Amino acid sequence: MSRMTAQWRLILVAMLGIGLGTLAILQTSHMSELGRVFPMTASLIAIAAGLGVLLQALLRSSSGVPATEHVDYLRAALLGAVLLIWAASLQRLGFELTSGIAVVLIAMIARRDPMSVSSIVLHAFAGVLLVLGFAFLLSEVLNVRLP
Amino acid sequence: MLDALLAALSLENLTLAFLGVLVGTIIGALPGLSATMAVAVLVPFTFTMDPSSGLIVLGAIYTGAIYGGAYSAILVNTPGTPAAIATAMDGFPMAKRGDGDLAVTISCLGSVAGGTIGALALLFLAPPLSQIALSFGPIEYFWLAIFGLSLIATLSRGATLLGLIGGAIGLLLSCVGSAVVGGDVRYTFGQTALLGGIPVIPALIGFYCVPVLIEMVIRPEAHLEQRAERMRGFRLIEALGLMWRSKVNVIRSAVVGTAVGIIPAAGGSVAGLVAYSEARRTSKTPEEFGKGAHDGVIASEASNSATVGGGFIPTLVLGIPGTPPDAIILGALLVQGIRTGPQLFTQQADIVFTFTFGLLIATLLMLPTGLIIGRYAYRLIVSIPKTALAPAIAFLTIVGSFAIEANTFHVVIMVTLGIIGWLLARVGLEASPIVLGLILGPIAEAGFVQGWLIGGAQEDRFGMFFGQPISLGIMAMTMLTLMSSGLFKRKAQKEQPS
Amino acid sequence: MKRNLRTIVVTVALALGASVLNAEDYPAKAIDYIIPYNPGGESDVTARFQEKFWSDVTGQDVVISYKPGAGGATAWSQLGGFDADGYTIMNVNFPHAILQPSIKDVGYQTEDVTPVYVFHYTPDAIVVRADSPHQTLQDVIDFAKDNPGALTFGGSGTNSANHLAAVRFGQMADVKVTYVPFGGSAPAMAAVLGGQIGAGMTYTTQGVKAGDQVRVLAIATEERLDIFPDVPTFKELGFDYVAGAYRGVTVPAGTPDDVREKLSDVIASINDIPAFQAQMQENGYVLVDVPNAEMVDWIAARKADYAPGIETLKGN
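First to last, the protein sequences are chains C, G and U.
Take 4 as the starting number for the first sequence in the numbering used here and just add one per residue.
Take 74 as the starting number for the second sequence in the numbering used here and just add one per residue.
Take 2 as the starting number for the third sequence in the numbering used here and just add one per residue.
Simulated from the structure, these hints should not be mistaken for lab results.
Treat the hints loosely; a few may be bogus.
[What the hints assert, rightly or not] DMTMM-like mimics (lysine to aspartate or glutamate), calculated; alpha carbons at most 25 angstroms apart, straight line: (1) U/Lys30 to C/Asp116; (2) G/Lys169 to C/Asp116; (3) U/Lys30 to U/Glu262; (4) U/Lys177 to G/Glu532; (5) U/Lys177 to U/Glu312; (6) U/Lys30 to C/Glu143; (7) U/Lys146 to G/Asp533; (8) U/Lys53 to U/Glu262.
Since we're looking at a predicted model, the values are computed, not measured.
For reference, chain C alone in the conformation it holds in the complex (with noise of 0.2 angstroms):
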């Protein structure tokens, strides 16, 4: 699906926007009779614009919202699993180790021409300052305890 029409996208939003308030609203029986006013708005007003868009996306082959382009979803992903992986990790192995192996996985990701051994070092090292950096400054400046 790296390529969606602007119609598709709306259905999918709209399904969205419909489902999520349907859960929402299925959520409320337990709720005292106060509590769920908000929710049940919250959730009306979803289903009301989801249909709407619905409506929006049928009637109207093309509404103006150009396509999505393409996407490098390969590097997304990896990103995105970097950035779970390290919190998840933070409590049980640590505040620097986590964030060193992160920080250069995430500037390989980034890279794009090759680089030299000079700006590897560079690198490497504005890494180290980086994160050593911030763990002193937590730590012992804001006195936050570091997992």
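Starting from the known structure of chain C, arrange chains G and U on it as the hints suggest.
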């Protein structure tokens, strides 16, 4: 008063004010490291200082941190504090097209102007203005939040329905957790970690910064467009010219900021949004808002900096903190043995005035500090390669979302919402409506539930919601905003409270 | 910056094996003190008062941080996850820590919270705006009797100390009042001062902060307070009611007994400092001393005291 001015101008206090602004600006520029945190960390150090010097440091840090949020908003589309949300809306598009230096400079000028007006209000008008805080009850909060939400219609540029879906998602996210008002446990799916709700700052970092990061990595072109011929200094003359042309906007936004700052529980985010909305409504070129309009940046920055002075008004006069950092400063005052309240301005006036002059001086010191830091921050962001920028920003998002409460769960929430935010943006649901729902939802809901209970007790719910002068005024402003957005018909269904 | 140096010195000392962290030396380094609420509230202010004297008593610093959320439940549900070595301590409030788990699943049980010391309480107080027609507590009761449900009591949070107090007051005085929850004591007081609600079911501390803008009608202490010489206690007015928000310091459940005793002694020593006492009392707090040894019985007594009110809250 003259004695107080001289006391504030002592070498020690000037140095403290300068250091405070510097540290505050840097902390505020890092997403997640907030004014509240900076102030909280420094409170114990002020115990050993003279009360007014201690207060000056705290005030200077606070001012600096609120302003510092503008850098990350402009340069990486990440409001470091909720107060800078509206700054990002136009600041980032400006930076994207190569005007980042100009955006940083006008944000600095706007902040100094707004901060000065807020501080002057604190100096001369604090006791009478504190009454504004008292005239805002639950219903007024409810309508103010609805007014803020109406901005969704104007923000979503021709795709109101998509904006509404986003806003609804934000509102639902804001319901997660145990409701302070009402006590319901909602949408936690059995996860006790979610009882406290979706933390706002990690959500902000996720929704705004992670998509920018992903786009940065998947696209070959530079993060910000760089115009070689434009890399010349601060563009200060150009910025001053823009400010002069926007003087009405500056003053209006500063007044809005001061007033909203006085209202407890509203704070910088609401001030920025209301001022932005008003600037857009009265602009001759409203269609430029969201695409890099100078007036958007000026309105947001002038108003959020004015909340600093405004927020101290109820804090000092009524003992009711106007904003979260004010709450900490109020605590520090109590520890110092200073009793707030109307009598503070008569019995311990010297401390109050020294502090206020200190705040004013700190605001003015923000001009050179802000311009210089801004210039280097911009150069840095523009010139370093993506292979260094992407990991650095990723690192900052992780650090920022963790640091607020030293909670790794917040980091997971940040990343998850960030990836969801990017996917939603790809199908046309932008971050701002979601974030507006998330931030304004709780204010609206608390106001609604309280108003409903009070109205029930008085057996006049209709009069409660629709019969109060301030509420009617806010409703009228909401209507005007919606009409000027040209989407009135479609939005009408949303304006009725349940 | 002196803190950095100190940390480095301690770290180096540790690395050299010069000292091992044990109960004898406790505390041998700075202690993390977590406040489960937003800064600026009563929990924060009293911890800051303690902080001021902490290093005089222990020779070490205490580092205050905040973990707000769900009326304190966010922090208390994480308590068990911290090292049980006495270097992470947390503020704990009663009745909150008894109320919350008995009404909803909040991720912890009252038993998980094991305070070593309860050092003060903030007495409940009923306050009205200075120009309110209600001059005495009896005026309030009469009004509520004549107009069932019309009197609004503003307080901090749902299922909180203020909420419980409003319910118990209704039961004692046999009146029907409407409790309106706010996001904290400060916004509740703002609504009292602004006249949006009839009275505040709040704490003595709020009466102190608001000064002569409000009238305190009754306070829930054993005896009158020096700061409010003209304000009667509920006892004087015929209600056997002494209550408020009790605050203590807790450690994770597995903390060794000798460390608990040491910490208990530290807080007791701070409670004995006249300057600390004066500062607390001036701001409306009432000092109590419940040391580690008496804690289990004290909590049991509180539970029994709160039980009827909790039943009513559950029924809501």
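To see whether the hints hold, each was checked on the structure:
1. Our distance criterion of 25 angstroms between C-alpha atoms is broken by U/Lys30 and C/Asp116, whose separation comes to about 49 angstroms.
2. A C-alpha spacing of about 23 angstroms is found between G/Lys169 and C/Asp116, which places the hinted pair at or below 25 angstroms, so the restraint holds.
3. The suggested pairing of U/Lys30 with U/Glu262 holds, with an alpha-carbon distance near 17 angstroms, which does not exceed 25 angstroms.
4. Proposed proximity of U/Lys177 and G/Glu532 is supported: the alpha carbons are some 15 angstroms apart, at most 25 angstroms.
5. For the hint pairing U/Lys177 with U/Glu312, the CA-to-CA distance comes to about 16 angstroms; that is within 25 angstroms, so the pair holds.
6. About 13 angstroms separates the Cα atoms of U/Lys30 and C/Glu143, which keeps this hinted pair within 25 angstroms; it holds.
7. For the proposed pair U/Lys146 and G/Asp533, the alpha carbon gap of about 20 angstroms is at most 25 angstroms, so the pair holds.
8. The straight-line distance between the Cα atoms of U/Lys53 and U/Glu262 is roughly 21 angstroms, inside the 25 angstroms bound, and the hint therefore holds.
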